[in-house]
Amino acid sequence: METSRRDFLKIGGLCALGLSSLEVGDAIAKSRAAKYLTNPDACTAKRWAMVIDVKKCWQAEKEECKDCILACDWAHNVPDIPVKRQEVKWLWNEKYENAFPDQDPALEPEEVKEKPFLVLCNHCTHAPCVRVCPTQATFKSADGITMMDMHRCIGCRYCMAACPYGARSFNWRDPRPYIKKINPAYPTRDRGVVEKCDFCVERLQNGKIPACVEACKQKALIFGDLDDPKSDVRKALDSRYSIRRKPELGTMPAVYYLI
Amino acid sequence: MKIYDGKYILIGLLVFGVLATFPIWLDHGKVIAPADPSLNTPVIDAMMQKHCILPKAQMITEHMKLLNVWRTEVVRDGKRLYVAPDGRKYEMSLETECFRCHSNKAQFCDRCHNFAGLDKATDPYCFSCHVVPSEKKPGAGAVAVVPKEGK
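Protein chains in written order, with my numbering: chain A, 21 to 279; chain B, 485 to 635.
Just so you know, these hints were derived from the structure itself, not from any lab. Don't take every hint at face value.
[As the list claims (entries may be wrong)] Looking from chain A toward chain B, a few residues come up when the C-beta cut is under 8 Å (computed): (1) Ala53; (2) Ala54; (3) Tyr56; (4) Leu57; (5) Thr58; (6) Asn59; (7) Ser161; (8) Met170; (9) Ile202; (10) Tyr206; (11) Asn226.
[What the hints assert, rightly or not] Below, a list of computed lysine-lysine pairs in the DSBU-like style, where the Cα atoms sit at most 35 Å apart: (12) Lys104/A <-> Lys604/B; (13) Lys573/B <-> Lys50/A; (14) Lys266/A <-> Lys563/B; (15) Lys534/B <-> Lys55/A; (16) Lys50/A <-> Lys534/B; (17) Lys135/A <-> Lys250/A; (18) Lys160/A <-> Lys563/B.
[Claimed, not checked] Just a few of them, taken from the derived set where beta-carbon distance is under 7 Å, the chain A residues facing chain B: (19) Asp169; (20) Pro204; (21) Ala205; (22) Arg209; (23) Asp210.
Beta carbons: idealized from backbone N, C-alpha and C, even for Gly.
Build out the structure end to end from the sequences listed, making use of the hints.
Below, the structure is given as structure tokens:
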């Protein structure tokens with residue numbers, strides 16, 4: 021059979037039309053595919069940070085206030101393990117000399133030396149834990165939070181060795197029996213993963229401030245965007261002198277203490 | 485035709501044939517109960533038009549893939565809202581979305597998993613961390629009550 025030039029061009033034209041219809045099909049399929057969106061109510065920031073007004077915290081401390089710690093433990097199903105070496109801690113009180121060992125505690129007022137300091141993950145800009153994690157189970161989110169991906173954690177504890185603040189806890193055992201009342205809206209952890217404070221990322225992404233900040237009646241915990249000069253944290257930092265834990269290490273913590 | 489040692493070879497072949505088809509003989513004629521997962525929870529019963537996130541056939545074969553994608557989107561990318569191909573919106577959360585309707589793990593998840601031989605406590609291990617709703621009160625989802633007593 022011989023193909024005339026005319027027929028050849030006709031067939032060629034039809035083929036081109038057929039191929040271009042693939043694109044249309046693709047576009048239709050894409051418009052029908054599932055979409056993944058951020059919650060429109062989410063709290064957003066360029067750099068989340070926390071400021072702890074130590075004096076306000078101490079006022080409540082007279083009545084042995086632990087509202088923030090209790091709220092955190094409840095929100096995240098943090099177990100209460102009696103063995104000191106196996107404790108799991110997200111937010112807890114630390115002595116001045118342990119929280120700020122580089123401050124050379126010698127001649128500070130007695131009040132400062134004896135009162136507790138609230139400590140948590142510092143969500144460092146240059147987080148050593150993130151650098152050493154072999155599986156990227158811990159990573160920096162775009163808004164500055166040092167995140168934990170529990171599914172990816174292999175329990176090697178490099179991050180715990182790297183963290184200069186002792187902010188990370190390992191699950192040496194199944195934590196469930198040590199949780200008094202389980203919050204059904206949040207997962208627990210399994211044996212063999214590392215956990216820590218994550219600035220309540222699940223609450224932020226659904227438009228709520230962190231549980232500890234919400235729970236503090238004294239308003240001693242201030243939370244906001246460090247990159248926004250009009251934010252509450254920046255106003256607080258403008259108004260009073262503040263310190264950070266172990267600044268000489270260059271990790272750039274995002275948790276500030278107003279003195 | 486003569487087969488050397490034919491007697492042994494034929495007996496051997498027969499034994500092999502019986503052993504190789506043993507699983508078929510063993511289950512022959514047995515009626516295996518279907519997995520029969522229960523869809524009857526208060527929330528699902530109250531739905532006018534019963535639907536899941538994706539069509540049923542797709543949910544049966546692909547729910548684990550969907551959950552894995554959800555996990556990545558939520559944990560790694562901070563995206564929590566899923567818009568299904570039919571336009572319905574869902575929060576990507578096992579606790580507050582999946583369990584909101586399927587509050588009966590023992591009659592729903594477990595029945596199929598057990599049927600498929602995934603009956604060890606560690607397999608699938610979703611539930612060693614993700615909190616299963618209390619089976620005594622089906623439908624009672626996330627009730628956030630801060631306990632008053634000390635830690």
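Q.
To test your reading of the hints: which numbers does this structure violate?
A. none
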